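Turn these sequences into a full structure, and let the hints guide you.
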Amino acid sequence: MSDVVEKTLSALPSLLSLDSQAGPGKLSSSSKLGNLIKGITELTSKHEEEKLIKKELASLKEQVASPNTTMRQMKEIMVRAIYCEMLGYQASFSYIHAIKLAQQGSVLEKRVGYLAVSLFLKETDEFLLLLVNTVLKDLQSTNLIEVCMALTVVSQMFPKDMIPAILPVVEEKLTHPKEIIRRKAVLALYKFYLIAPNQVQHIHSKFRKALCDKDPGVMTASLHIYLQLIKESPESYKDLTGSMVTILRQVVGGKLPLDFNYHSVPAPWLQIQLLRILAYLGKEDQGTSEVMYDVLEESLRRAEMNHNITYAILYECVKTIYTVHPKSQLLEKAAECIGNFVLSPKINLKYLGLKALTYVVQQDANLALPHQITIIECLDHSDVIIKRETLELLFRITNAQNVTVIVEKMLEFLRLTSDDYSTIDLVGKVAELAEKYAPDNVWFIQTMNSVFSLGGDVMQPDIPNNFLRLLAEGVDSVEDRQLRLFAVDSYVSLLQGETAKLPQRFLQVISWVLGEYSYLREEDSDPGSVMRLLARLLDQRHTSTETRSWVLGAMTKLCSSPVSVALARDVCERYSGSLNTVLRQRAQELMILSQDTKLRASVLPAEGRLESLEVDSSLSFLDGYVSEALAAGAAPYKSPHQRQEELVQEKALSLEPYGLSLPVSLSSCSITDRLTDRQSPTLLSMSSGLSGNSTELSHKEGSTALKLDGVKRVWGKDGYLAQQQSAGETPIPQVELPSPLLSPQSPPSQTQKPSSGPEPDQEKRQLASSLFVGLGSHNSVCLMGRAEPAPRHFRRKPRGESSSGASEGSSDSSHSSRSAAVDNLLLSNLLDTTTVASEGGAATTTLQQTSQRTLDHTTSNGSPHVEGTEQRVEAGGPLSLIRGNGMVAVVPPTHTRTDPQTQPDLHPAPALERPRDLPLTSHLPAELSGLARSELTTLCSDHDPSLALSACRVYKEDALVLLVFISNNTDSTLHQMALQLTCKELEISCISGSPLKEVKGHSVSVCLHTVVMKRASVQVELAGLLSYQRPLGQPQAAQFSLSLSLKHFLRPLTVSTGDYGKMWLSFSHDLKQNLRLVTTEHQEPLTATLDALKGKLHLHIVDVIGSEGIVACRLLQGQGQGQPCLLHCRVHADSLAVWLRSPVPELPDSLLYHCQKALTET
Amino acid sequence: MMHFLLLFSRQGKLRLQKWFTPVPEREKKKIVRDMTTMVLGRKPRSCNFLHWKDLKIVYKKYASLYFCCGLDAEENELLALEVLHRYVELLDKYFGNVCELDIIFNFEKAYFILDEFLLGGEVQETSKQVLSRSIEASDMLQETMEEYMSKPAF
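Protein chains in written order, with this note's numbering: chain A, 1 to 1162; chain B, 1 to 154.
The hints are simulated quantities; they were obtained by calculation from the structure and are not laboratory data.
For clarity, every value in this text was computed on a predicted model and none was experimentally measured.
Glycine included, C-beta positions come from ideal geometry on N, C-alpha and C.
Hints may be right or wrong, so weigh each one.
Said to hold, decoys possible - Listed next, the in silico DMTMM-like pairs over lysine to aspartate or glutamate satisfying Cα-Cα at most 20 Å (straight line): (1) A:Lys1096 <-> A:Glu1161; (2) B:Lys18 <-> A:Glu1161; (3) B:Lys53 <-> A:Glu392.
Unchecked claim - Output of the computed footprint for chain A on chain B, the stretches with three or more beta carbons under 8 Å from beta carbons of chain A: (4) 2 to 9; (5) 46 to 55; (6) 71 to 80; (7) 111 to 122.
As the list claims (entries may be wrong) - So, partial list: chain A residues that the calculated Cβ filter (under 8 Å) puts toward chain B: (8) Tyr190; (9) Phe260; (10) Asn348.
Here you go:
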């Protein structure tokens, strides 16, 4: 490709000397920019460059400020400013002028203005607000180029809050005759969807139209949106599978115009996008997957040319094939394809081949076998990236037999790398493997020592936490004691050496373990030795304050002998005067506890420290103390949030309008930080020991106790197992599938070598045999062996939810679930063999032993079938709550009065115009008949003519009541009736008690549900499923969907003007926007507009003073009265300036949208 | 999704930078610095992919210029290489046998071309013909406007 570019920088000086003659006006080196660039290239030092640019910037600044500068000159200045910024010099004075240029310049100046804006500013810049009107104007321009420019800038950056202002115009562009405009509009909406999904919820139907656009470019653009949507909820878009498959088939078949070809491959970008979408759609869904097998096969087949782009398609295709429900024939072809990658001499393809293997071995570890030699070669590749990817692959195929070799390779890599990010990642993986597969105590402790020294202070905090938990867990069996003793011995010898190089985290682990378990070795050594080592550590300069407090904690546990007590006293004297309060407190504790052996024995018993801790998270034991203090005149406790709000109120004047939520959220942030930070067992054990000392309770103590709230869930006797079980397991259905690629005749290890491969030397063969042991045909035999050496306590417990590191948490959990997948695979193999193997009896015993040892863990691992069903039942749980008891039998109507007079004007009684409604509405329960309600809507009438479903909303004060009328139009009775309503944004609960199982012929049943929102969104889709059975018939089901809008959940909020003022100040999320005024003949515009809003959205007008009006409403959200939202409206010129405030971030956005809609409809 | 696209010379001089996600100024400088040192420090016959934090870096050298982009982890690396290649093709078509100098002196044009090709970090249009047509369309306008503006006003 390098032939594309011939001239190089080396030609620059000669070209510049030619000056303006260089090229036909192409190089504008005679311009001012040219001069600048030329000037810079002639310089030799960074310092000179700096001086020159400073001068340039000063002159630019002067020019932009001058009133005589024309827009044309401004354009030129902007280009130079962009250049200076690119060199790394700030030209912030020009930002505002860039906006001005976009605003006022002619088309070509505007273009540069927009470019400068998009390069200078960020989405969060306040300057961007100044651009909104310009964009709006250009969007409505008749000049196509201007519209394009505006859409381009909008797709790059736009202030989130301002989206409602331009959304209608952008939407309109979806039907523009020019395809380029439609395409850009789709991409702009995609951008909106990414930054504010709830703003574009209501235009999903328009996305579908874009998908069906006759221009392939527009259709391709719409796939970006669909990829996101389908990724988030594949269930809702299963109906698109057919269309996606058809499109892909057409693309692959070369039906697109030729100019979409790229190196004679038809529209590769489109193909890959479609393959990704299909992967999401077909994942864990056999029915959907079957639709796409043919086209996937065709894609594989068609992509045969030897070019990067075909390999890109193949790679994506392989991934999709391995993601969707498996089909053996396809898997075989895909595996073959991976072989082409791995064996390719091109390094890029090799890399992708390794990646593909990493992906597929999660489903079938045997797929790695044919590529052993290549993998070994890659492991010693000169390119670290290839090495790293190979380790990733090995991580996936680790088992109890190859763990030592693989971990050694990983540690080797770790010792050489200096990149923090891969260190963190790899250290976590080593720790995981060590816990899972460690062959013996010595190896485990040594490996963990390497992990701690290499991972240092950058590793995830849950690695040391898990390690300590693992040490502490379990009964005091001989095995456990040996492990602990070995750890203690190893640490003592470490401390005797040089400690300066050991990371602080490691020292903390060491201190804790020594504090807890030194007593195990005490018989054969002098009692003060450990204490002395700790004291030495304490005094070393490189030891951090945090580590010191761990060390002091350990000493507190150890000071039993007279030698130790003397040593402890010495230490206390030095540290009780420390400036650090934590250290001072620890020293005090040490002092008191070392002097009082009885007290020490009761708070820090030598045995069973972590058995079970009852943590009183409500701090009820302090109640007496608190009431005493209150009686003595102390101020009651206020949460930091509350305090902050009061502070804001006090300073209301000065903080307005910049008050916002910043300080509040900051303070709450730091609290959560602290909450997640402290979960180390030491703090736990120490503070539990101290909790008896409640009289000394300082604020610090209180916060320690609070932190235990998080810990309790992990450690508490009852909560622990159940919770972790459900969190840790992910059923992998693929596991149960036949793996056709498992070649039974391929012998593993030494004897196996691919005949085509290069002749490997002895060393490599050995490495291969040690790496790939445990995979292959007789793996079940190996696995039997595997179950035994892995002792219980090396088994990693699934991580608790409370383990820290939110950002890393997600990736961690994915790892563990992946490894669980491998586990499942292996163990299910094990199960299969145990039933057929001749030594079946012996194997079962092993299994039983394992299951006894690992109790919770093995049951799920050992029987994936059972577990899978459990999972399904569990998933169905919340639904089945609704099912069954969600119905009320309603006796055919005798008399239910629906008085049209009592119904508010906003929902005019439909009864008279729609005679069909009358019989149904008469089924309304008496207690709801007086309330405002909506018209009846028919749900899925086309499904079954003999069954009619309709729904109606009743607006209750504290909830939205949704009624579903089920009318049976036949003579036969319907049995097994069950109605499920699901929507992730809503909280749905049924009102009525007695479940209805059947609907008699020609009668109507009503199901009542109360619905409130979980979080504010403009519009939500409610999915419903009614299952029933006719006599002698098959069970049937009718699906329907119902859309509910935010306004159905709004209720007036009656407050006084004074209360309104107080609430206004305390709400942190706000939004400002200008709205259209409603004009009528006989009303003031303000009152007319407010009345219109009140009528349409159930708002409460609190007060109207002059040209200002204040309005309040609440959203039914969660339990109780719901969430308030306040509106402040002021007439400003011809529009209504509305300022919304609410404690809920999403509410102002969504409400504003409805206000806008309500006013445009009026 | 693409997070950024950088063009820099063999000497590590930045020639073009496009950020598709909001990145603080300091972070930008760090990324540019890291990218140049990482990419320039690669040995010959290494692969064109790198890891940087949770991003995937794909780079390719064209004559004296390095094209380097940062992608989400789940993106297809090979495809990204072709995105870079398509951009070079577009530049080549526009400038006619493009060289580093064209990009240095006409970087705003290079940005305009990029804006037609990639939008918000996604490929906007892949058809070379459609792309050059839309780039030309706005350019034509530019020429005529320029002519118009340079006419003396009476």
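### Query
Where does the structure disagree with the numbered hints, that is, which hint numbers, in rising order?
Hint check: 2, 4 fail, others pass.
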